[in-house]
Each structure stands twice: as structure tokens, then as C-alpha cells.
Amino acid sequence: MPNSLFEEKLNSGEFLVTTEIGPPKGADVSEMIHHIDMLKDKVDAINVTDHQSSVMRFPSLGGCLLVKERGGEPILQVTCRDRNRLAIQADLLLAYSRGIRNVLCLTGDSVDVGDHKEAKPVFDLDSVQLLKLARTLESGRDLTGNELKGAPQFCLGASVHPEADFIEPQLVKFEKKVAAGAQFFQTQGIFDIASLRRFMQYASQFPVKILAGIIVLASAKMARYMNDNVPGIIVSQAVIDELASAEKGKGLQKGIEIAARLIKTIREENLCCGVHIMAVGNEKVVPDILEAAQLVGVHR
Amino acid sequence: MIVAEQKPVEEIRQVISPYEKVLLLGCGTCMTVCGAGGEQDVSFLHSALRLALTRGGGGSHSFLEYTVKRQCDFEFLDLIKDKVKEVDAILSLGCGIGVQVVAERFPDILVLPGINTSFMGMAKEWGVWDERCAACGDCRLAETAGICPITRCTKGMLNGPCAGTKNGKCEANKEMDCAWVLIYKRLERLQQLDKIRRYYPPRNFRVIPRPRRIVKKAEITTGGNNA
Numbered sequence: 001m002p003n004s005l006f007e008e009k010l011n012s013g014e015f016l017v018t019t020e021i022g023p024p025k026g027a028d029v030s031e032m033i034h035h036i037d038m039l040k041d042k043v044d045a046i047n048v049t050d051h052q053s054s055v056m057r058f059p060s061l062g063g064c065l066l067v068k069e070r071g072g073e074p075i076l077q078v079t080c081r082d083r084n085r086l087a088i089q090a091d092l093l094l095a096y097s098r099g100i101r102n103v104l105c106l107t108g109d110s111v112d113v114g115d116h117k118e119a120k121p122v123f124d125l126d127s128v129q130l131l132k133l134a135r136t137l138e139s140g141r142d143l144t145g146n147e148l149k150g151a152p153q154f155c156l157g158a159s160v161h162p163e164a165d166f167i168e169p170q171l172v173k174f175e176k177k178v179a180a181g182a183q184f185f186q187t188q189g190i191f192d193i194a195s196l197r198r199f200m201q202y203a204s205q206f207p208v209k210i211l212a213g214i215i216v217l218a219s220a221k222m223a224r225y226m227n228d229n230v231p232g233i234i235v236s237q238a239v240i241d242e243l244a245s246a247e248k249g250k251g252l253q254k255g256i257e258i259a260a261r262l263i264k265t266i267r268e269e270n271l272c273c274g275v276h277i278m279a280v281g282n283e284k285v286v287p288d289i290l291e292a293a294q295l296v297g298v299h300r
Numbered sequence: 001m002i003v004a005e006q007k008p009v010e011e012i013r014q015v016i017s018p019y020e021k022v023l024l025l026g027c028g029t030c031m032t033v034c035g036a037g038g039e040q041d042v043s044f045l046h047s048a049l050r051l052a053l054t055r056g057g058g059g060s061h062s063f064l065e066y067t068v069k070r071q072c073d074f075e076f077l078d079l080i081k082d083k084v085k086e087v088d089a090i091l092s093l094g095c096g097i098g099v100q101v102v103a104e105r106f107p108d109i110l111v112l113p114g115i116n117t118s119f120m121g122m123a124k125e126w127g128v129w130d131e132r133c134a135a136c137g138d139c140r141l142a143e144t145a146g147i148c149p150i151t152r153c154t155k156g157m158l159n160g161p162c163a164g165t166k167n168g169k170c171e172a173n174k175e176m177d178c179a180w181v182l183i184y185k186r187l188e189r190l191q192q193l194d195k196i197r198r199y200y201p202p203r204n205f206r207v208i209p210r211p212r213r214i215v216k217k218a219e220i221t222t223g224g225n226n227a
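Residue numbers (the working numbering), protein chains in the order written: chain A, 1 to 300; chain B, 1 to 227.
Hints were generated in silico from the structure; no laboratory data involved. Ideal Cβ placement from N, Cα and C applies to all residues, glycine included. Don't take each hint at face value.
[To be verified] Cut-off 27 Å, straight-line C-alpha distance, at most; resulting in silico cross-link-like pairs (BS3-like, lysine-lysine): (1) B:K185 to B:K169; (2) A:K221 to B:K169; (3) B:K169 to A:K117; (4) A:K42 to A:K25; (5) B:K166 to A:K221; (6) A:K284 to A:K42; (7) B:K169 to A:K120; (8) A:K221 to B:K174; (9) B:K174 to A:K120; (10) B:K166 to A:K120; (11) B:K7 to A:K117; (12) B:K7 to A:K120; (13) A:K68 to A:K40; (14) B:K185 to B:K124; (15) B:K174 to A:K117; (16) A:K117 to B:K166.
[As the list claims (entries may be wrong)] A partial selection of chain A residues facing chain B, derived with a Cβ cut-off under 10 Å: (17) F123; (18) S127; (19) L133; (20) L143; (21) P169; (22) Q170; (23) K173; (24) K177; (25) A180; (26) I234.
When you get a sec, could you build the whole thing from the sequences and use the hints?
In C-alpha cells form, the structure reads like this:
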């Protein structure tokens, strides 16, 4: 029995599309609901980010509840930056009880890159320990072995960085995540298809599903900014040059083109089981990317 | 060693302003080595405070200077018990431990900190100190090729690097080496990469409930040298 609709799809062999929504900084969720309604039937699942880049926002859990309410399939992002093992276990129990079964387990960005730089970084656990913890809860026990009244069941995901400039330790970590119970991976943003090919050649030996991360860039300036400031992002010079070649005001259009081209290549070469589109603030263009990648109508 | 920085003169001036006679108390060990509160630093601070007070007005103050060998030991503080009687407050240029030991030794006098205690570390080069130990109480350096991930990884992770490492540096600070890149390379050089492949469970924070206390069971020997 699959634990979620998304898990069922992961095992179906279909080409999957997931995306993510960054919650608002504030209590007004109307725009987020608009994005959920716009995307929920066009993709297989929607991640809601957990204080992405360590910037304080409406929580992932709250966003996932909204996705659920609106009839979408949520993926809860859980990071270890802000919560210790007690709080994380409690959140996972709450998520399960509300029908949120897909969990992306992340360590979380450093507090130093965000907007509350003086906050106490928690990191009681790391991503590998978090995956293990979720599997422990499934066994009916908490982290210290106490019996649970009602065990949750999850479809667990993690992240991997195929374009890291020093790949070996990243692959060690990837293998630890697989061993700890990750079923699917969302990669960090892919910009160079050759590195994804290399990574997939290696990763295909493991019994996990890989979704290639696709970041939608709106300009060369944004690409350079992300290279300098956003952890885990390495935009290639070729992509920066292509964005820079766009006519004034057409940067985002070029970004959509690049994203769609990557997705088409990944699908045509059957490189991995799907893509995870990260529109970083431009959620509204996700349907345009799907259309440009000829993925409209493939879903639902 | 313990590494620290002296507080800004203005902050020190404000905190001592209610007291007429103040003992500026240096520390001859770590604070001397890191140039935050040794004999010479006490003397410089004394001059700086005099200058600031002359310019700013604000009443009459006088200072005594003294530097003990170690502030973190009652034994060395006995030497200043007469001086303490002459002053209204002590400004300790010892680390946070020194300040507290002085306060514990002299319960009837106010002890103020003149230092921000930073970390335990090493002098990397002249004038540059790097943190090396977090005193976590559960040393793992055998597993990490002598490089501490709890201290040197900004997230204190045990199972390898995060995805934020770039050009061998940390996502939190582009000047800072990624501890896990260093650990991987050194384990590789020592042919011990199996150590990074192991799973390490969550840390046991119970080994550091604060405040910690160690009671050493005395080994009773005859004719031993206890010096």
C-alpha cells in the first residue's frame, strides 16, 4: 500500500513534475492559495518551503495544510535549522494526522544567509538523522524508544547536489540518505545537463527516484546573485551568457525557455523519473514552463 | 587556549563610571597570549581610560593595575586581597571564568567584565586566532581525522557536508573552510574514508547539561609527587 498518491506515482513509471511554493512573509495567504489553485492539477505534488534561505516566513506545515485543503498533493519540507528533535517529531506526527504524508528531509540553510542572523541555529539533527528519525516513528517508537500511540507512515525524500564542485563527499552523503530511508531525491538546481548525466549514471544503481531540480532564472543578474548568495546553487557561465543575451524585459521569457529545454532533454533521454521546478518567486510562470516543455495535459 | 577580545573602551568607561577607584585586573595566561588582558593590555587600557575620562569629564576616577598569573585559580587571587580592600570595583580582564572566580573569591566587591570571551582556539598566525574546540564533552576527532566538525562546521553536522559548500568554503562565510571538505581530504590521504561512510546518530547533548562539573577520583599513591 503506498503511503500517498505521490508515492504511488513515484512507482508508476510516469514522468513526474513537482514544484514548490514559497509561503508569504506574513499572515495573508491569498496569493499562496491562488498559486496552489493554479498549480495543483498541473503537477504531481507541491513542496512548501521551510523558511527558504533562512528567511522567516509562513510555515511549511501551514502551507501544506492549505495545499491539502485545496485538493492538492503536498510535500512537507522539514529542516533541522529551527527545531530540535522533540519539535520535529511533534511536527511529523501532526503532519501525518492531517494527511500530509510526503516529507522532504533537509538539514536547512545556515542562519547566516537569512534575515534573522542573530537567531540561535538549532541543528540538533542533520538530514540523514532526520530521515532515520522519520523511519523510527513509523516503527511505532519515538527517538528514545518510547512507544507511540499510533504510528505515522511517510513517503520520504531528500536532496542531492549533482553539480557540487567537489562531488565525492556529496555522494557519500547521498548514499547515507539512501540507507537512512530516502525514497526520492530532489536535486539542487541543474544547469549543465552533462553533470546530470554523469550523476544519473552513478545514481541509477540505487533503488530511489530522482527528480531533477529546475530553477527558473529571470535574468543574468539574478543568476549571478544566486551564485554569490544562495547555498547550493552553481549557475553555469553558459546559462548566464544565454540569459544576458535576452532582449531587455525578456529575461524571464529566456529563463522559461532554458528551463523548458532542460526538462525536454531530461524527458527525451529518460534521464530521471521527473523534474522538480523551483520558480523562486515566479510561481505564476510554472504553467508556461510546462507548456513550453510540452508537458501540458500529461498530468491528471 | 581561551581566546577573547577586550570590550570597547567606551563600554568599559560606562560600566565603571559609578565607581571612583577601580582595580584593573589582568590575567597572565590565555588573555596575555591572545593580547586581550595581559599586563601590557591592562597598561594600555589604563591610559585609554584616563584619556577618555579627561576628555569626557564625568567625575574623578583612579585606577590600580595588577596582573595575576591566572584569574581562574583562587591560589593566585590571594595575592590581591589587600589591593581589593582599597577599591570600589574590580574590572577583570580575565576570561568569563576569571571574572567569576574573582567574584567568588571576593564576595563583597563588584567584579565587572572587561573582556568578551570568544572561544577555545589556536593562534593560526600572528594576530589571527581560530576556534578549534567546542568543549562538547564527547570527542569525535578519531572519526574525523583530527578535524572537529562540531566546531568547524557551522551546522555542527556529523554525517558529511551540506550542499552549501562551494570552492571548499562554507555557505555561512566564504572565508571559512568547509570542515567536511577538509575532513574528506584528510581521511582520503590517511586511507580512512570508511569513517565518513558510517552513520553517526544524533549527538548526546546530555553529556553537557550546564553547568558541568568533573569530580576526579583521587588515586592514592604513596610517595607520589603531587606538585
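Now the hints, each set against the structure:
no.	hint	in the structure
1	B:K185 to B:K169	holds, 14 Å
2	A:K221 to B:K169	holds, 23 Å
3	B:K169 to A:K117	holds, 19 Å
4	A:K42 to A:K25	holds, 25 Å
5	B:K166 to A:K221	holds, 19 Å
6	A:K284 to A:K42	holds, 12 Å
7	B:K169 to A:K120	holds, 22 Å
8	A:K221 to B:K174	holds, 20 Å
9	B:K174 to A:K120	holds, 20 Å
10	B:K166 to A:K120	holds, 24 Å
11	B:K7 to A:K117	holds, 22 Å
12	B:K7 to A:K120	holds, 23 Å
13	A:K68 to A:K40	holds, 10 Å
14	B:K185 to B:K124	holds, 20 Å
15	B:K174 to A:K117	holds, 16 Å
16	A:K117 to B:K166	holds, 20 Å
17	F123	holds, 4 Å
18	S127	holds, 8 Å
19	L133	holds, 8 Å
20	L143	holds, 7 Å
21	P169	holds, 4 Å
22	Q170	holds, 7 Å
23	K173	holds, 4 Å
24	K177	holds, 9 Å
25	A180	holds, 7 Å
26	I234	holds, 7 Å
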